[in-house]
Amino acid sequence: MTPIYAQATPREKHLFHVFCAETAGQVSAGFDGTFWSVDVPQACQLHPAIWHSALAIASAQMTQITWTMDGSTQHPDDVGFKQYTKAIGHLVQATQKTDPSFEEQSLILMATVLLLGFASLRGNFNQVEFFARHGLELFAKWDFRERAKRGQQSLRSNVLSVRSLISLLDNLFVQYSWVCPAANPPKPAQSSPAATSPKTPFTNITEAYHEYQALQIAHLEALRAQALGSTNGDWQPFRDIRQAWLRRLSACKAKLLQARHEDGQSKPWLMLQVGLLGLQVCFQGKAIANELYWDKLIPKLRRIVDIAEQVFEKPKTHGERVPAAVFHFAPSPLGILYMVASACREYATRTRAIALLRRMQQRDGLLDSGLFACLSEAKMRIEATGRDLVGLTEPKRCTCIPEEYVCGHHRVRDVGIEFLERGLVRLNFESFDGGARPEGMKSLTVLCNGNWCKR
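So that you can map any letter, position 408 of the sequence shown is 408 in this note's numbering, and since no number is skipped, the others follow by simple counting.
FYI, nobody ran anything at the bench for these hints, they're computed from the structure.
Careful: at least some of the hints might be erroneous.
Calculated pairs, EDC-like style, for lysine to aspartate or glutamate (alpha carbon to alpha carbon, straight line, at most 16 Å) [to be verified]:
1. Lys442 / Glu383
2. Lys253 / Glu207
3. Lys82 / Glu129
4. Lys442 / Glu430
5. Lys300 / Glu346
Everything numeric in this text was worked out from a predicted model, so none of it was measured.
All chains, full assembly: derive it from the sequences and hints.
In structure tokens, the structure reads:
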């Protein structure tokens with residue numbers, strides 16, 4: 001019995017039991033089960049910041065379920081907030097150490113991720129953004145990935161699986177790079193090499209999950225090389241990275257297809273299928289292309305929604321209660337579904353994606369299904385009313401067809417999302433013929449309290 005557990009109050013011990021028995025499995029979403037069921041509970045008893053942040057998440061999820069069942073629209077989780085405050089105090093104290101050991105660094109990063117989870121579960125986007133930025137800054141400052149590569153032998157004594165922790169930070173970096181591009185997140189070291197050979201099948205979902213996360217980081221590396229090539233005219237680095245990434249993606253798809261014969265219909269495997277389809281679309285899509293470019297990708301966008309509807313099948317219940325918000329530290333479909341709702345011009349597929357986002361009540365770090373549904377609906381409304389709101393001067397002509405086609409003058413695309421104060425979120429967008437001109441930039445601000453949005 002560790003000092004942390006021995007000195008805990010009966011209520012804290014109960015929350016720890018809830019975290020181990022229920023919460024850890026929920027937030028893992030079927031991925032990296034050993035990490036969440038064994039490593040994290042052990043780390044809770046080694047570091048007070050992890051202990052209190054885990055209890056905060058357990059309390060928040062218990063409160064979410066309670067207020068959902070009794071029909072309440074508020075969640076005054078005083079117990080969870082007190083644990084959250086204690087965790088922050090211990091985290092601040094830990095980060096003041098000038099030269100923490102590698103294991104201490106891993107515990108600090110884990111505590112930061114858990115605190116982000118608590119803030120996300122409560123729908124506090126500003127705090128989520130703060131913890132994401134703070135964790136990524138420490139990850140880059142400590143050169144954590146490279147230190148892990150150099151110290152492979154000594155890592156066996158680390159209480160937390162370093163590969164699993166790096167996958168968590170990779171997932172966070174991908175979210176931050178997409179949602180907050182203007183914030184210029186710290187550049188991570190290069191992605192991890194494939195854990196298995198290109199032809200060796202995945203033996204479990206955790207192997208596949210780690211490879212998927214590494215593919216996401218490698219995709220961001222390719223995007224950086226592409227941006228550099230457009231600046232200096234040297235496209236060879238991008239071509240090399242692109243070819244290597246495509247080979248790695250092809251190998252991952254083949255191994256995932258092979259694994260499906262045994263367990264392919266379980267939700268985690270289906271979620272990875274959605275993720276790989278999303279990566280293919282992102283890699284093939286061009287942000288600066290005209291409004292027709294994405295049409296050739298519609299079959300993949302439609303397939304994404306088909307699988308997502310299978311994963312998040314509407315529960316057959318007679319009540320009309322709003323489901324409790326779900327939080328996952330795992331590959332999230334939210335950004336991919338938002339991409340479908342934003343980029344797809346097929347009206348039926350687009351509305352199906354929005355309906356899924358509206359129903360899911362899910363928050364994954366910087367991603368929130370309710371917020372994305374709200375932003376998607378607002379964008380559709382802007383495009384649907386564009387011809388009435390935005391007049392065109394010759395020789396420009398509007399060729400919009402209601403619920404069928406939005407022309408390049410009135411179709412809009414995202415430029416970035418900003419988290420403002422007091423629950424306000426701003427979506428910056430521009431028309432396809434507006435280019436990158438500042439005068440062509442517009443913004444939409446919504447108020448989100450974690451459960452609903454209004455414009």
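For each hint, the structure was consulted:
no.	hint	result
1	Lys442 / Glu383	holds, 13 Å
2	Lys253 / Glu207	holds, 13 Å
3	Lys82 / Glu129	violated, 21 Å
4	Lys442 / Glu430	holds, 6 Å
5	Lys300 / Glu346	holds, 12 Å
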